[in-house]
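Spelled out from the first residue to the last, the chains are:
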Amino acid sequence: MNTIPFGPRNPSEDPLLAKAAELPKEVEPQRDLWPGIAARLGEAPRRAEPRGSRWPMALAAGVLVASVSALLTWSLVRAPDPATQPQAVATDYQAADIVPVSYGPNSGLTAQELVARDELVVRFREKFTTLRPETRDAIVKNLAIMQAAADEIDAALAKDPASGMLKGMLVGTYKQELQLYSTVVTSSDGTTRRT
Amino acid sequence: MPLVTNLASDVESGAELVTRASRGDEGAFEALYRQHVGRVYGLCLRMTGQAESAEDLTQDTFVSAWRSLPGYEGRSSFSTWLHRIAVNAVLARRRSPQGRNEISMTDDQGGQMDFEGEPAMDEATPIDIERAIAALPPGARDVVVLHGIYGYSHEEAAGMLGVAVGTCKAQLHRARHLMRARMGTENAT
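For the record, the sequence lines run as chains A and B.
Mind the numbering: the first sequence is residues 1 to 195 in the working numbering, read in order.
Mind the numbering: the second sequence is residues 1 to 189 in the working numbering, read in order.
By construction, these hints were calculated from the structure, which means they are not laboratory data.
You may find that some hints are simply not true.
As the list claims (entries may be wrong) - Here chain A is said to cover these stretches of chain B; the calculated rule only asks that three of the stretch's residues, wherever they fall, bring their Cβ under 8 Å from a Cβ of chain A:
(1) 14-20
(2) 54-66
(3) 149-160
Claimed, not checked - Where chain A lies over chain B, by a calculated footprint (3+ residues, C-beta under 8 Å):
(4) 24-35
(5) 83-96
(6) 134-142
(7) 174-182
All residues carry an ideal CB built from backbone N, CA and C; glycine is no exception.
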């Protein structure tokens with residue numbers, strides 16, 4: 001995440017913030033949480049490492065969004081035959097794994113736009129867990145690429161705030177994110193996994 | 001704090017541990033856990049106000065981090081990256097049916113908890129401040145925790161919470177107003 005401080009932060013100007021800033025940052029849990037975590041690590045498939053060229057992330061995001069839409073559409077028109085289902089193992093992502101794209105301080109997105117997105121995310125999360133694992137896997141990968149795209153564009157905007165092209169790319173990423181959520185929210189039950 | 005079984009944290013830098021952990025070294029990841037659990041748990045506890053939920057969310061945070069670590073590119077500090085995952089976990093839990101059923105110390109307007117006899121600001125102990133923060137409505141509390149306690153800028157806090165920067169600032173203003181009112185210092189500042 002790109003971090004650009006918002007002006008001087010001077011807690012001493014506000015006694016309340018000054019006292020809050022003095023609170024201990026670390027609070028130890030009353031029990032050791034590691035055993036519970038360690039037990040789950042083996043059950044948690046790891047995401048592929050995004051290495052190599054990071055050439056136009058925004059374009060890549062668009063391509064992947066299209067692939068997710070195609071996957072959902074395919075699911076709608078063709079009921080899966082268990083006997084012919086691919087055996088590829090997809091990560092069993094849950095709603096808690098969904099991280100909405102975080103747009104940086106140079107995005108120019110309005111509060112209304114972010115609120116609208118968040119409202120859509122709430123509905124999206126409810127639908128997400130009903131999707132097949134391979135669809136959820138594709139969605140999580142989409143969001144990761146969109147985040148990378150947003151980060152890159154934001155960093156570029158920091159150097160060139162007046163760039164219309166960059167602003168357009170960022171709005172495009174935002175729209176792609178909305179499109180992804182909307183595609184899932186409006187998909188029929190035909191996309192859901194069978195239990 | 002339990003003894004660190006893997007002493008790697010004592011001799012290796014955080015960056016080295018992150019690199020090893022991203023390659024699947026659970027020992028390195030445990031060392032990272034030992035280094036960061038206090039800050040992650042503290043964040044979860046303050047955002048939820050419930051120790052049991054905070055423990056669950058801390059575990060969820062580290063499991064999610066383990067999953068996502070191969071994609072971590074160091075654009076932010078590892079601590080900030082972990083906090084971002086933790087905040088997302090807290091927000092997701094709040095939206096879940098389970099989270100909605102959990103007892104909250106406040107309603108959305110910041111009412112309900114009554115702190116009669118709350119000490120004035122000058123006399124407030126850290127516990128008094130913690131209680132006043134815990135009594136805030138969730139949105140205002142989140143901002144005080146991230147910005148006030150953990151020192152994130154409004155932009156960083158807004159990014160973590162998925163809200164606009166202006167919303168973040170407004171929530172902080174609201175939080176300060178509510179806390180001052182509780183502590184009887186509304187007219188003192």
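Consistency of the hints with the structure:
With 0 residues having a Cβ less than 8 Å from any Cβ of chain A, the stretch 14-20 of chain B misses the three-residue criterion, and the hint is violated. Requiring three or more residues with a Cβ within less than 8 Å of a Cβ of chain A, the coverage given for the stretch 54-66 of chain B holds, as 9 such residues are present. Under the rule that three or more residues need a Cβ within less than 8 Å of chain A, the assignment of the stretch 149-160 of chain B holds, with 9 such residues. Coverage of a stretch by a chain is defined here by at least three residues with a beta carbon nearer than 8 Å to that chain's beta carbons; for the stretch 24-35 of chain B and chain A the count is 6, and the condition holds.
Counting residues of the stretch 83-96 of chain B whose beta carbon lies closer than 8 Å to any beta carbon of chain A gives 8, which reaches the threshold of three, so the coverage claim holds. Restraint check on the stretch 134-142 of chain B versus chain A: 0 residues with Cβ-Cβ distances below 8 Å, three needed, restraint violated. Interface restraint, the stretch 174-182 of chain B with chain A: holds (3 residues with C-beta to C-beta distance below 8 Å; minimum three).
Hints 1 and 6, counting from the list given before, are not met by this structure.
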